Amino acid sequence: MAPTLSPSMRLALVLAAVVVAAPSARAADDVAYVKYRQKVMQGIGADMGAISEILKNGLPFTAAIALHADKIGDSASLIPTAFEKKVTEGATDAKPEIWMEPDEWKGAIHDLEKAADALEEAADDDDPEAISAAFKTLGKSCGGCHDHFRKPKEESYKNQ
Amino acid sequence: MSRAVLAGWAALALAGAAGLADAVRAEPTPPSIARGEAVLREAGGCTCHTDYPGEGDAAPELAGGRGLATPFGTYYSTNITPHRETGIGAWSDADFLRAMTEGRAPDGSHYFPVFPYPAFATMTRRDLLDLKAYLFSLPPVKRENRAPDAWLPFRMRIAVAGWKLLNFRPHAFEPDPTESEAWNRGAYLVNGPAHCGECHTPRTLTGGLDRSLWLAGSTDGPEGELAPNITPHRRTGIGDWSAVDLSWYLETGIKPDGDDTQGLMAEVIEHGFSHVPKADLAAIAEYLRSIPPIDHEVKAPDAGS
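The listed protein sequences derive, respectively, from chains A and B.
My numbering numbers the first residue of the first sequence as 1 and each following residue consecutively.
My numbering numbers the first residue of the second sequence as 1 and each following residue consecutively.
No wet-lab data here; the hints were simulated from the structure.
From a predicted model like this one, the values you see are computed outputs, not experimental measurements.
Take the hints with a grain of salt, since some may be wrong.
To be verified - Derived pair list, reagent style SDA-like, types lysine to any residue, alpha-carbon separation capped at 20 Å: (1) A:K106 to A:A118; (2) A:K140 to A:V40; (3) B:K255 to A:A133; (4) B:K299 to A:G90; (5) B:K255 to A:Q42; (6) A:K136 to B:E297; (7) A:K56 to B:V244; (8) A:K151 to B:G224; (9) A:K153 to B:K278; (10) A:K151 to B:G239; (11) B:K278 to A:T137; (12) A:K140 to B:D259; (13) B:K278 to A:P128; (14) A:K56 to B:G239; (15) A:K71 to B:D259; (16) B:K299 to A:N159; (17) A:K158 to A:H146.
Could you put together the complete structure from these sequences and hints?
Dropping the structure here:
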């Protein structure tokens, strides 16, 4: 026999559950948000590393460079979502400036997308010099954001 | 002290003349501005002399005034543009050589060792005079030098005489005939113009470089930066970087894991190593791969606290 509860009892139980569960749920959420955005950024790092392997070792994968650059552009478009929620505590190197200076932040992401597009184009054209120049610009666009919005290695959670 | 240094230098000049016969020709070569620019790039662009952190890209290049925080206090880099009153425009060749290899100003006073003359002392006379020719080809900037904000004993130039006795052994670069030409070129660049050890080697209590931990990383780099262990130790150094990884890093600032570079090293790459010929970067990489790996973990200074 199913127990029946009055609507007001049900509401009280739900509220109690929310109150009890909320703090731990929020903490878990923050960790998950940080992990998600770190995965997005690591994805970009992996593509940068892969392009580096091709270029520095002279692997015959010019067409792959275009695909990696395309992937970086796609990943860049995920960054605004990944950093939507402000989390600056815990195992993260994100600086509060991300949420304090949204226009500069968006501009830096836009620079990354533009630089990734330019590398994709250079790779499509199979032009080694343009590829090399576009890769360096792309690398600088990483720094253009990290310089201001990521904690330096001295303050990184990885070095504590 | 000065006599000892001079005597040391006389001996060095004799030894150097024989040892560096390939670099210093019997016929005096007129200083070359183009070669001098290449030397400046090998030195990481001399970016300590430009106040990028304080004034951004608008900072007058090489006009000094950049605060370099050290455990002894904050020292301000000097104006090395050829301005006659506030820069080095009135310096003779001898003045320049004495500054770079003895750490002494034209008036005889000592430079604080935040200026890495122990590394520059190993450079060839030709490289140094080419560098001077390049610096003198740049526009002069009027900017007065600034006294250090340091505790009393550490802002007295005379105290540097004692520091030199303890920590300064000027010697010219000596090629190792058992190693390749590229290795020797790398050794010269790393320990001379590129002055890698000045940041990547920890310092002793007296502010000298700890030779037992050469290039094994420092938590007290300039501006409080953490300078990684760049010996080929697998766990604590860059032992898992190939020579190609290393030269690519110096050219682009992109690490093997795809991450980029911040801080002083990013400046050094942008204004310095990214302009250095690939063969020289490969030589640096070959040399750095060959030095003894040192187990020395570099973490943030307040780690664990």
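Here is how each hint holds up against the structure:
Our distance criterion of 20 Å between C-alpha atoms is met by K106 of chain A and A118 of chain A, whose separation comes to about 18 Å. Restraint check: the Cα-Cα separation between K140 of chain A and V40 of chain A comes to about 19 Å, which is no more than 20 Å; the hinted pair holds. For the given pair, K255 of chain B sits about 17 Å from A133 of chain A by alpha-carbon distance, which is consistent with the 20 Å threshold. For a cut-off of 20 Å, the pair hint linking K299 of chain B to G90 of chain A stands: about 18 Å separates their Cα positions.
The suggested pairing of K255 of chain B with Q42 of chain A holds, with an alpha-carbon distance near 13 Å, which does not exceed 20 Å. Restraint check for K136 of chain A and E297 of chain B: not satisfied, since their Cα atoms lie roughly 30 Å apart, outside the 20 Å limit. For the given pair, K56 of chain A sits about 7 Å from V244 of chain B by alpha-carbon distance, which is consistent with the 20 Å threshold. The straight-line distance between the Cα atoms of K151 of chain A and G224 of chain B is roughly 14 Å, inside the 20 Å bound, and the hint therefore holds.
For the hint pairing K153 of chain A with K278 of chain B, the CA-to-CA distance comes to about 28 Å; that exceeds 20 Å, so the pair is violated. Distance restraint check for K151 of chain A and G239 of chain B: the Cα-Cα separation of roughly 25 Å exceeds the 20 Å cut-off, and the hinted pair is therefore not satisfied. A hinted pair counts as satisfied when its Cα atoms are at most 20 Å apart, and K278 of chain B with T137 of chain A qualifies at roughly 19 Å. About 11 Å separates the Cα atoms of K140 of chain A and D259 of chain B, which keeps this hinted pair within 20 Å; it holds.
A distance of roughly 16 Å separates the Cα atoms of K278 of chain B and P128 of chain A; the hinted pair therefore holds under the 20 Å criterion. Proposed proximity of K56 of chain A and G239 of chain B is supported: the alpha carbons are some 18 Å apart, at most 20 Å. For the proposed pair K71 of chain A and D259 of chain B, the alpha carbon gap of about 16 Å is at most 20 Å, so the pair holds. Restraint check for K299 of chain B and N159 of chain A: satisfied, since their Cα atoms lie roughly 5 Å apart, inside the 20 Å limit.
For the proposed pair K158 of chain A and H146 of chain A, the alpha carbon gap of about 15 Å is at most 20 Å, so the pair holds.
The structure does not agree with the numbered hints 6, 9 and 10 stated previously, though it agrees with the rest.
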